[in-house]
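Novice: The chain contents come next:
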Amino acid sequence: MTVQETEITVPEHHGLMSTLDRSGDVRQMWDRRNKDEVDAARTQFEDLKKKGYLAYKAEGKDGHQGEQIRKFDPDAERIILVKPLVGG
Amino acid sequence: MPAQPLNNQEVPAGLKVLAQQLPAPSAETLAELIAVQPEKREAFDAGWVTWNTGYTTNISTATSATTSAWDFQPAWGAWNVTFTSTTGSTMVYDAGSNTAIPVGGSFTITAPQWVTWSADYQETEDQRAAREERDREVRERQRERQAEMEARAAEQRLEREQAESRALELLRSLLSDAQWASYQDNGWFEVRGKSGRRWRVRNRGQSGNVDLMPEIGEERDVTYCAHPPEHLPDADAHAAQMLALVTDDEAFIRTANVHWRRRPEGEVPPFMREAA
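Top line first, the protein sequences correspond to chains A and B.
Position 82 of the first sequence, counted from 1, bears residue number 82 in this note's numbering, the numbering being contiguous throughout.
Position 242 of the second sequence, counted from 1, bears residue number 330 in this note's numbering, the numbering being contiguous throughout.
For the record, the hints were derived by calculation from the structure and aren't laboratory data.
A few of these clues could be false.
[As the list claims (entries may be wrong)] Computed list of lysine-lysine pairs in DSSO-like fashion (alpha-carbon distance at most 27 Å, straight line):
{"#": "1", "chain 1": "A", "residue 1": "LYS35", "chain 2": "A", "residue 2": "LYS49"}
{"#": "2", "chain 1": "A", "residue 1": "LYS51", "chain 2": "B", "residue 2": "LYS282"}
{"#": "3", "chain 1": "A", "residue 1": "LYS57", "chain 2": "A", "residue 2": "LYS83"}
{"#": "4", "chain 1": "B", "residue 1": "LYS282", "chain 2": "A", "residue 2": "LYS83"}
{"#": "5", "chain 1": "B", "residue 1": "LYS282", "chain 2": "A", "residue 2": "LYS71"}
{"#": "6", "chain 1": "A", "residue 1": "LYS57", "chain 2": "A", "residue 2": "LYS71"}
{"#": "7", "chain 1": "A", "residue 1": "LYS71", "chain 2": "A", "residue 2": "LYS50"}
{"#": "8", "chain 1": "A", "residue 1": "LYS50", "chain 2": "B", "residue 2": "LYS282"}
{"#": "9", "chain 1": "A", "residue 1": "LYS35", "chain 2": "B", "residue 2": "LYS282"}
{"#": "10", "chain 1": "A", "residue 1": "LYS57", "chain 2": "B", "residue 2": "LYS282"}
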């Protein structure tokens, strides 16, 4: 398997929220210093939580970190939202 | 022989097939049919559809050859199926009673009249040209539909590829370099669950692809199946599985179904116990 090495980068002072869906994921970035952007991201987060999505906060990329969160954290570097797993 | 402006495209398929299996009608038979109701000749010439629409019958009396008194009720289909031509008889139209009367000879049923009569019809040049034009239009529409379907399929393929690419990008952003290398080279990556268990997420679809591994060794203990409910790209599902494991693998176990479990060493399967 060969995959193009494109990186998801989060600029300084920014947070990135990824909602997993059939398109891959929908990404929303906010600038922690911009209240409007933070509010928009929080609204999006809360809407998705109401729809039953689980939210994970991820920092760095060591593949072992992750924390489930229930409230929007504007200081998070990455937030990933996904519907709860179901038994297959 | 009347003009033959029948538009074959309008003949029901079943009747056309049947008509092809029947002998062509004689000129006498056609003349008889025209004689039944001469004032309908114009409609007759305009085509069997018109002609039949104009014709009417009463089935109950139409089947009686001896009384020969049928009223004309709107039912061309029934009339044609029910009525049969006669061999050696002549049908005459009685304008006074508005009935057709077969006279002379024996009344021998041969074949449904309309079908026999229709069998002799041929399309005219104009009709052929019109039919070919319609066929061309149909083929053109089919080509357009085919092109639309192919374009839609190509678009969907592109969307899938883009989604898979984005999903891989996201998974890559969550995995360490070693995990990513294993995912690419071996088709799996391993994570430590919150409980400390060793888990292996295999890149083999997203169902039954999560193995609980022993602390040492490469043989799995259990294979679990739990995945996102929507059909996400595989790499997204693997990211979701990884996040579920590292944050709460106990919950993952409660949710997942067991696909496979290694039998403890020395344990004899039930079906072998009785034999032993």
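Novice: Need the status of pair LYS57(A), LYS83(A): alpha-carbon distance at most 27 Å?
Specialist: Satisfied, since the Cα-Cα distance of roughly 15 Å is no more than 27 Å.
Novice: Measure nothing beyond the straight line between the CA atoms of LYS282(B) and LYS83(A); if it is 27 Å or shorter, mark the hint as holding.
Specialist: At roughly 20 Å apart (the allowed maximum being 27 Å), LYS83(A) and LYS282(B) satisfy the hint.
Novice: Hinted pair, alpha-carbon criterion (27 Å max): LYS57(A), LYS71(A). Please report holds or violated.
Specialist: Given pair LYS57(A), LYS71(A) holds - Cα atoms ~10 Å apart, limit 27 Å.
Novice: Are the Cα atoms of LYS57(A) and LYS282(B) separated by 27 Å or less?
Specialist: 15 Å, holds
Novice: Decide if the proposed pair is consistent with the structure: LYS51(A) and LYS282(B), CA atoms, cutoff 27 Å inclusive.
Specialist: Given pair LYS51(A), LYS282(B) holds - Cα atoms ~26 Å apart, limit 27 Å.
Novice: Given the hinted pair LYS282(B) and LYS71(A), is their alpha-carbon gap at most 27 Å?
Specialist: Measuring from Cα to Cα gives roughly 21 Å; hence the hint holds.
Novice: Below or equal to 27 Å on CA atoms is what counts here, so check LYS35(A) against LYS49(A).
Specialist: 21 Å, holds
Novice: Going straight from one Cα to the other, do LYS50(A) and LYS282(B) come out at no more than 27 Å?
Specialist: OK: LYS50(A) and LYS282(B) at ~26 Å, within 27 Å.
Novice: Given the proposed pairing of LYS71(A) with LYS50(A), does the C-alpha separation stay at or below 27 Å?
Specialist: Distance of about 11 Å is within 27 Å: holds.
Novice: Has the given pair, LYS35(A) with LYS282(B), been kept, meaning a C-alpha gap of at most 27 Å?
Specialist: Answer violated: LYS35(A) to LYS282(B) is near 34 Å, above 27 Å.
In summary, the structure is inconsistent with hint 9 from the numbered list given earlier, while agreeing with all the others.
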